[in-house]
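A.B. asks: Chain residues, written in single-letter form:
2 protein chains.
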Amino acid sequence: MGMNNNRVEHFDCHDQQQFQTIIKIQQQQQQLDIAMEIHKVELPPQRTTLHKLQQRLSEIFFPDDPFYRFKNQSCFMKFILGLQYLFPIFQWGPQYNFHLLRSDAISGLTIASLAIPQGISYAKLANLPPIVGLYSSFVPPLIYSLLGSSKHLGVGPVSIASLVMGSMLSETVSFTQEPILYLKLAFTATFFAGVFQASLGLLRLGFVIDFLSKATLVGFMAGAAVIVSLQQLKGLLGIVHFTTKMQIVPVLISVFKQRDESLKKPKLFWVSAAAPLTSVIVSTILVFLLRNKTHKIAIIGNLPKGLNPPSSNMLYFNGPFLALAIKTGLVTGILSLTEGIAVGRTFAALKNYQVDGNKEMMAIGLMNIAGSCSSCYVTTGSFSRSAVNYNAGAQTTVSNIIMAAAVLVTLLFLMPLFHYTPNVVLAAIIITAVIGLIDYQAAFKLLKVDKLDFLACLCSFFGVLFISVPVGLGIAVAISVFKILLHVTRPNILVLGNIPGTQIFHNVNQYKEASRVPSFLILGVESPIYFANSTYLQERILRWVREEEERVKANNGSSLKCIILDMTAVTAIDTSGLDTLCELRKMLEKKLLKLVLANPVGNVIEKLHQSKNLDELGLKGIYLTVGEAVADISSSWKAQP
Amino acid sequence: MGMNNNRVEHFDCHDQQQFQTIIKIQQQQQQLDIAMEIHKVELPPQRTTLHKLQQRLSEIFFPDDPFYRFKNQSCFMKFILGLQYLFPIFQWGPQYNFHLLRSDAISGLTIASLAIPQGISYAKLANLPPIVGLYSSFVPPLIYSLLGSSKHLGVGPVSIASLVMGSMLSETVSFTQEPILYLKLAFTATFFAGVFQASLGLLRLGFVIDFLSKATLVGFMAGAAVIVSLQQLKGLLGIVHFTTKMQIVPVLISVFKQRDESLKKPKLFWVSAAAPLTSVIVSTILVFLLRNKTHKIAIIGNLPKGLNPPSSNMLYFNGPFLALAIKTGLVTGILSLTEGIAVGRTFAALKNYQVDGNKEMMAIGLMNIAGSCSSCYVTTGSFSRSAVNYNAGAQTTVSNIIMAAAVLVTLLFLMPLFHYTPNVVLAAIIITAVIGLIDYQAAFKLLKVDKLDFLACLCSFFGVLFISVPVGLGIAVAISVFKILLHVTRPNILVLGNIPGTQIFHNVNQYKEASRVPSFLILGVESPIYFANSTYLQERILRWVREEEERVKANNGSSLKCIILDMTAVTAIDTSGLDTLCELRKMLEKKLLKLVLANPVGNVIEKLHQSKNLDELGLKGIYLTVGEAVADISSSWKAQP
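Line by line, the protein sequences are chains A and B.
UniProt numbering applies: residue 1 is where the first sequence begins, and numbers increase by one.
UniProt numbering applies: residue 1 is where the second sequence begins, and numbers increase by one.
Chain A extracted, bound-state conformation (with noise of 0.2 Å):
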């Protein structure tokens, strides 16, 4: 098999023993005449530019098909089926009846609950007057309940969307100076998250909120919880004096801690959604009561009634902050947009039903855009709100119309209660809110299991604290980027052995029991082949062939011969490529060397056809398999002595 009879008596024992291994493979294939046929590489089958691109293209934008519902429909069932796709509330409205009335009830006014609250601390959060975060949680949960399909999520303003637009606004503009201005910013960068957010959706470009991958939001969010709990600390610590008060802040950390564990303990729910409006009750109540002593702590203050006020004429387009906007307007988009998507996903999951993610995203644009036009901000699907909404049995989106109708009530006839309400005690929410932010077990997780995703973490924590947010996410992003890069510039290439008594070819690091089959160098090569790693692959493979001739030699085995490339994981190859293949051969052409590839996948196979490679390889140069490659070529040695 490819060596004479009388060089065996020379091998040493390791030689030795990867002689009985060709044996056996060569025994093997005698056994089995049908395993031995060489099996012809084919090309896929001929498809024209246009039909490509379109396959391609289909795939890029519409990876879920999602028009296979309307395939063999009449043009009736296609007007329908449009209209619940576009408006899901068509879809499962005809089946509402008052046993899911019942349920939403009940978890709507328990999210509401917990909505006022959180309303005015975020609100605060975001510098802006706490009234527009009751306004945030009526307008917006009104529109996602027709537009969105997922049925769980709790509709709001969040902590983390709010702090950006809070950061990144008055970086430039002070809200205690220019209110209004502030406040038309505030507006117009909403406007600009929904129009992004939308047309994301619209352009089914959904894929780019992946790239925010959870390693990187792990960090940023603990980067900016940090930073926010630090602002609020301040406004704790302004009123020491005020002693008793103060035990509220470990009372409410020690509530809310649950609040992360309330998935997995459905019966404590409710004291986590009760938890913030008892707190400000309570608080208030004390406040009041104590009026004449305590003037010194800070207090909301009036809060107008009545309903949302119209603000489109309050948008901004033009004007020395207009870039501004934009810019808060994509990183809050982008951000509520990741958690809103992530959090419908996360329920679905969990109730086994599916939610269009493009389409999720043109809910949340579009109401976001008429949430700017209503003195609404940014608003998206809550984590916490949609806890609290799942457990307390939600089983529709009307839970959010039930909820936007308690918002409703608070708005036109609850307000003055709120006069008394203490900012410490909003603080007090924001902190825990932001704090449940830290998950700190997840950062252990990325340390154990991937270190490059934990430096990834990491890196966005800290940009987000020492930098800025949007720089913070910036270097998140890219690292994240980077880290494909890496994965595409410098891939592995492993050594692959034989695996006795089968046609198994396999890592010789990983199984112990592959053994390398004499003459040969089987590589198999982990990346696509790109001009990224086309020169580190070619200076890389002859740094094989080199040690592999000298640990032949210094075991006296049987010289080099040929070298296989296992193509199987190699899934796409560009024409830096294709020149290095051709630029490999010609350089082990001159050491004597062969080159053939093994298992090229359909669209390289194309590729090599179409450049003319193969015809330089010849179609001998290919084969099917790592074991028909040895096989054929140790025969045709044989033949050939």
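Hints should not be assumed to be uniformly reliable.
Subject to a maximum C-alpha distance of 30 Å in a straight line, what follows is the list of computed BS3-like cross-link-like pairs (lysine-lysine) [as the list claims (entries may be wrong)]:
no. : chain 1 : residue 1 : chain 2 : residue 2
1   : B       : 327       : B       : 351
2   : A       : 561       : B       : 71
3   : A       : 451       : B       : 586
4   : A       : 52        : B       : 71
5   : B       : 351       : A       : 451
6   : B       : 184       : B       : 327
7   : A       : 52        : B       : 78
8   : B       : 586       : A       : 448
9   : B       : 184       : A       : 553
10  : B       : 351       : A       : 590
11  : A       : 561       : B       : 351
Examples of chain B residues lying across from chain A (beta carbon under 8 Å, computed) [claimed, not checked]:
no. : residue
12  : 49
13  : 63
14  : 439
15  : 449
16  : 450
17  : 488
18  : 490
19  : 503
20  : 509
21  : 531
22  : 568
23  : 585
24  : 588
25  : 602
26  : 607
It is worth saying that the hints were derived from the structure and are not from the lab.
Ideal Cβ positions, reconstructed from N, Cα and C, are used throughout, including at glycine.
Following the hints, complete the assembly by docking chain B onto the known chain A.
C.D. replies: Showing chain B alone in chain A's frame:
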């Protein structure tokens, strides 16, 4: 085999075929007791984090293992080898002889005849005084001949870096109005280009130049060539009344056209090498003879005699234009580096020796730093010079020393001869040089082989043409990176089928004889599973399952029971990917479908193990090959019908 006998009778034709396939596999497995044995999937050997990090870093920064020569050597030999490593001249110096010198002298004088007119022209292209071009052909080649590892690289100013420097600096500073500032900025940009190049080499970050793919460079250079030609045409058209001289343009073009073919026709190389000098001499003599009648023709004018004056005092390290100088330095630095390394590698491959990329970067960087202190602007290995050098028979970098000596003689004694050289001939030399950069054949090949590469090429062409040089370059790199990301974000998923009579499973689209195995859906994922594609993969796999169920239903086939993911091409996985696999398994379990993995590679199985996903899947859920998975699961169904 997973289906009851009484059901077999109801199979239609299509399914009987499939059934026969499975029977065949079964028979074959029975024949082959060896192959039937199920192999355990093994974890790669345990390594510490430090060891893994070390290995990873050495793969990133030292893929060429530059220290392998030093292994097992005495201290003295290590010193000698180190000296040879730093100054390759010590490597070939001792063997240098008269025979080599003769070859080098001939080729050195030949490239000098090209270098002198090129130097003058390219300096004009960078809006610099012509004499700077000659200075740049003197010091840098001397430095390179000490440090460089390529034997054939002809060093000097190149068109692409010259025109980029000219266009970037001229946007802000005009040479005619502020010649001293312009000169200062040019030297400073050269200094930063050198620092950037040398540090890329020193930090072993050479791979960043790989991100300028050939496709984008083809487009970039063509765009740049068009810009320069249009600029220079102004100069040419300004002298239309001087008709006799115009003839030189088509002549030069026709002469230069052969330049690209010079590699293939060594006999003709002297035409291209001598043409520029000849035209300069002829035109200079003509203008000199007709000097009284042709005072309207712009001529070079007085050039100072003498060697490079020191220019380290002209480096500009603070002031309003520092950022411009740094930016220009980075862009010209990376462009000239790309050209230099690519040219070095091309000729090394022709003569079958290796060029060390990182060391070349240091050599080119140091020669530019030295150049910036001796009145030179950015230089690198030039394609035209190197081709002429190679064809003229250069053996070592001594040819660069000979060229520098010839330039030295020119600088010291011959400068007055260039007084009457008309600018128009320099414009013609520039145009012919840059027109050679338009490689329409390469663009056509891109169009044929890889549409996305062609798009990148087009975009960089139009970006440079209509926006600006750095923006065009940025677009080009962004598209190349986007292409990689797109491949990762939307990876292929293949449906695999069995090739009858074998254990081989292949894409059913590519191999018509491959047939699906009833009750199984075998999917090959062709990409690492990352945050950027984990959502897509999850939804796409669920769509495949849905479509397979519909297909099976339409054909009355045996119902789907098991999904096998072939992980051969999944070369890496991150924490998001691990979560996705878990999620997917749970979702499929709710549909009573089994999910197993086949052939996970080393680091994937390691991560599965670390994240405890492996425990959930169970060792039973992972197989070494698809064939073993099918065989084992089918027989388990048979055992428990």
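A.B. asks: To test your reading of the hints: which numbers does this structure violate?
C.D. replies: Numbers 1, 4, 5, 7, 9, 14, 23 and 24 - these are the hints that the structure violates, sorted from lowest upward.
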